[in-house]
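Participant: At the far end of the first sequence sits residue 457, using our numbering, and the numbering has no gaps.
Fair warning: there could be bad hints in the mix.
[Stated by the list, open to error] Derived PhoX-like pairs (lysine-lysine); straight-line CA-CA distance at most 25 Å: (1) Lys159 / Lys124; (2) Lys268 / Lys310; (3) Lys446 / Lys328; (4) Lys285 / Lys142; (5) Lys322 / Lys429; (6) Lys332 / Lys322; (7) Lys231 / Lys124; (8) Lys214 / Lys242; (9) Lys294 / Lys310; (10) Lys304 / Lys285; (11) Lys281 / Lys268.
Derived from the structure by calculation, the hints contain no laboratory data.
None of the values given here were measured: they were computed from a predicted structure.
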Amino acid sequence: MVKVRFAPSPTGYLHIGGARTALFNWLYAKAQGGIFVLRIEDTDRERSRDIYLEEILQSMTWLGLQWDELYKQSDRFDIYREQARKLVQEGKAYEEGPAVILTMPQQEIKLFDLIRGEIVFDAALMKDEVLLKSDGSPTYSFACVVDDALMGITHVIRGDDHISNTPKQLVMYQALGLKPPKFAHLPLIMGEDGGRLSKRTGAVAVTDYKRQGFLPEALVNYLLLLGWSPGNNQEKIGLDAAVKKFSIKQVQKSPAIFSLEKLTWLNAQYIKQSAPEKITDLLIPFLEEKGYLGEKYDRKKLETSVELYQSRMPTLCDFLARADFLFKDPVSFEEEALSRLKESRQDGNIAALAGRLAALSEFSVETVERAFREVVADIGIPASDLVHPVRILLTGKTVGPGLFETMALIGREKTVQRLTQKVHI
RNA sequence: GACCCCAUCGUCUAGCCUGGUUAGGACACAAGCUUUUCAAGCUUGCAGCGCGGGUUCAAAUCCCGCUGGGGUCGCCA
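Throw the hints in and build the complete structure from the sequences for me.
Facilitator: Structure follows, in structure tokens:
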């Protein structure tokens with residue numbers, strides 16, 4: 033039975049690289065019908081924080097990566113000490129004060145990596161490895177090996193940056209007389225500048241992407257595309273479909289640069305192709321935080337608004353800025369909109385339109401459009417001459433969805449009110 | 001610096017294992033169509049096998065070297 037683990041340390045938020053490692057582990061487990069272990073590596077008691085632990089669990093859940101088993105290394109210190117003591121007794125490690133240090137053998141270490149093939153190291157070049165620190169806590173490497181072995185981990189899938197750790201850990205398995213798991217080292221994700229992914233090059237925490245209005249499906253899909261391809265020129269793929277196609281051997285060997293642009297495009301695809309009800313649900317917390325939703329609001333109307341903007345909101349947050357006029361009164365005008373309005377000189381015609389709209393017995397997309405067309409026909413000007421200034425008056429913007437849909441959404445009262453408002457240019 | 005990994009359009013990638021493709025797709029960019037604007041959508045275009053040697057009738061694909069990029073070198077994880 034395949035058993036894999038994702039082993040974050042709660043010394044910071046779950047970041048994008050960690051999320052991808054978790055994702056590939058999860059995928060492999062699901063694809064093989066195995067078990068996905070989440071192991072919290074909190075041996076550094078100084079830097080570990082409960083809030084980070086909570087945040088990591090939340091991010092994993094948000095991404096849809098449910099774990100089957102959960103462990104904390106801080107609960108297992110006795111086990112590491114026991115194993116270290118055994119190695120000292122057998123003469124494979126030595127004590128230096130309270131610390132325990134493993135003797136490196138003079139030999140060649142061969143690692144067979146599932147992604148890269150055989151890699152050979154010379155243990156003679158490696159320094160003796162600390163197993164237990166002076167304070168009695170285990171080092172990362174040692175705790176990791178003991179846990180992987182004792183928990184029955186069959187495959188260690190982790191970042192490339194651990195490749196040089198592997199020979200030392202292989203020596204530990206050898207010393208402990210335990211069978212090492214199979215290893216697969218994933219290429220790292222790089223920032224847009226080609227260097228290490230860092231806060232400077234953009235958001236790194238999964239939570240940041242959530243806050244910025246990305247859908248978990250889009251983020252997971254994008255992460256999947258970094259280093260793996262479903263084939264058949266397919267790009268949009270859900271977790272379930274990916275499980276069916278996933279193979280660790282197909283994973284790319286070279287590092288990939290994280291592209292916010294492509295992630296945003298994928299996010300737009302997911303938003304556009306989702307049901308309006310779903311996007312509305314996701315939007316509600318954002319709208320509430322912004323104070324855009326009152327005590328009671330018209331859910332149906334909100335869904336209609338969302339539907340109108342689904343192809344116009346690459347991220348959920350874009351809705352907040354682009355459709356703010358639906359929630360704010362009076363509207364706030366963009367600078368560009370104001371100067372265009374000034375140039376249009378349609379005040380008289382707009383007043384005529386307002387009067388016409390006010391007299392409408394029914395205020396719907398159809399009746400509004402008919403009235404509007406009649407007004408411009410009477411005056412004898414092209415529709416667009418009036419469309420643009422009207423949109424600006426109603427929304428404060430030069431761009432937006434179809435004008436008649438927008439008017440119907442705003443409603444008769446506010447539409448007329450905004451058309452007759454005094455705008456100081 | 002030592003050790004290790006990697007190398008297809010600007011970016012993500014298919015193709016590489018099992019040599020023979022007009023080197024395919026996507027993002028971005030450009031143009032056009034559509035249109036009341038902006039998006040979306042559709043069409044088209046631009047753009048790539050890092051370099052040098054081999055092996056072979058034939059190399060993106062196999063081998064070697066170089067160059068370039070990345071990673072590791074903590075009683076951090």
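Participant: Now tell me if each hint is right for this structure.
Facilitator: Against the structure, the hints:
no., hint, in the structure
1, Lys159 / Lys124, "holds (14 Å)"
2, Lys268 / Lys310, "holds (18 Å)"
3, Lys446 / Lys328, "holds (18 Å)"
4, Lys285 / Lys142, "holds (19 Å)"
5, Lys322 / Lys429, "holds (20 Å)"
6, Lys332 / Lys322, "holds (20 Å)"
7, Lys231 / Lys124, "violated (42 Å)"
8, Lys214 / Lys242, "violated (34 Å)"
9, Lys294 / Lys310, "holds (22 Å)"
10, Lys304 / Lys285, "violated (33 Å)"
11, Lys281 / Lys268, "holds (21 Å)"
Checked against the numbered hints above, the structure breaks hints 7, 8 and 10 and satisfies the rest.
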